[in-house]
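S.K.: Given the coordinates of chain E, work out where chain R should sit on it, guided by the hints.
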Amino acid sequence: MSRRTRSVRADSLGVGLATGTYGISFGALGTTSGLDVAQTCALSLLAFTGASQFAFVGVVAAGGAPLTGALTAVLLGSRNLFYGVSLAALLRLRGLARLAGAHLVIDESTAMAVAQEDERDGRTGFWWTGLSVFLLWNLATLVGAVVGSAIGDPRTYGLDAAVAAAFLGLLWPRLSTTAGRLCALVGASVALVLVSWTPAGVPIIAGGAVAVLVGLLWPVREGS
Amino acid sequence: MTGLWAGVLLTAAGCYALKLAGLSVPERWLEHPLTRRATLLIPAALLGALLAVQTLGADHSLAVDARVAALGVAAVLLWLRVPFLPMVVVAAATAALLRL
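Protein chains in written order, with the numbering used here: chain E, 1 to 224; chain R, 1 to 100.
Isolated chain E (complex conformation):
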């Protein structure tokens, strides 16, 4: 095994550890938002895409219909479609391997795979990152969910603010471009206007839709 392959594996495990552990916050927020331990763990096991999971929990906690939460979560997961497209040629998966690999297509595994110069290192990065995040994310979710279900009113521990902080953390890297900042601002503004007179959850989907339209109408500039 080359030194480079070893270093790709070490980097992947590092990302897995860093990303996986914040599954604790997801688990705790899940069970304090009205989901039970099984439902919270099912989201991490079966949906396995952090931003979508936080979105589902956020909408449900605000009193939104679970189906509205699911719609928001799936829309947010649409970026994984494009990750898959850019990974397909690198991974060249068929049959069962593709069914398994698809589940590991997330922000971190994609970033680690496409960052490698060598194709084999790219595949190593994808599998090692995907699997280590999957393992730790699910373990951490279970721990967080059990702890969270022992907590009374989540507001006492500031867990409602923790959800907001989690959304900000997920949004942060996307604020580096003008288009990202514009979309976030428009989405936030429209959602706030709608809060008082639409059912919970609707402001998020409507705000997101208007923001994407505005973003598309905004003149394209390279790198923005």
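Hints listed in this document are in silico derivations from the structure and should not be mistaken for laboratory results. Bear in mind that the values here come from a model prediction, so they are computed numbers and not experimental data. A hint or two may mislead.
[What the hints assert, rightly or not] Sample of chain E residues at the chain R side, in silico, Cβ under 8 angstroms:
| # | residue |
| --- | --- |
| 1 | 47 |
| 2 | 122 |
| 3 | 207 |
Note that CB positions come from ideal geometry on N, CA and C, so glycine has one too.
M.R.: Same frame as chain E, now just chain R:
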């Protein structure tokens, strides 16, 4: 409870279908620049809306409370490149302390 399970399973099915479709469809199907741009914009748009409602929403109205201060602390920590988990924990602690 049944509704929650339906939402959980629908989320799981939808998210997995998108991942699998990405690995399976011919690249040219998704090559349209408009599709690509829209998908790049969706996360910022939805996260902006989620963030705003989570910070200021309160039962069909808006309220400024400890969450706003906590979010300010979170922003400073992110700017200082503090990792995700400690950032979230400190933000929660900020709101909890302000509510004592």
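S.K.: Any CB of chain R closer than 8 angstroms to the CB of residue 47(E)?
M.R.: Interface hint status for residue 47(E): holds (4 angstroms vs cutoff 8 angstroms).
S.K.: If you take the shortest Cβ to Cβ gap from residue 207(E) to chain R, is it below 8 angstroms?
M.R.: Because about 3 angstroms separates residue 207(E) from the closest Cβ in chain R, which is inside the 8 angstroms limit, the hint holds.
S.K.: Do the numbers back the hint for residue 122(E), that is, is its least Cβ distance to chain R under 8 angstroms?
M.R.: violated (14 angstroms)
Checked against the numbered hints given earlier, this structure breaks only hint 2.
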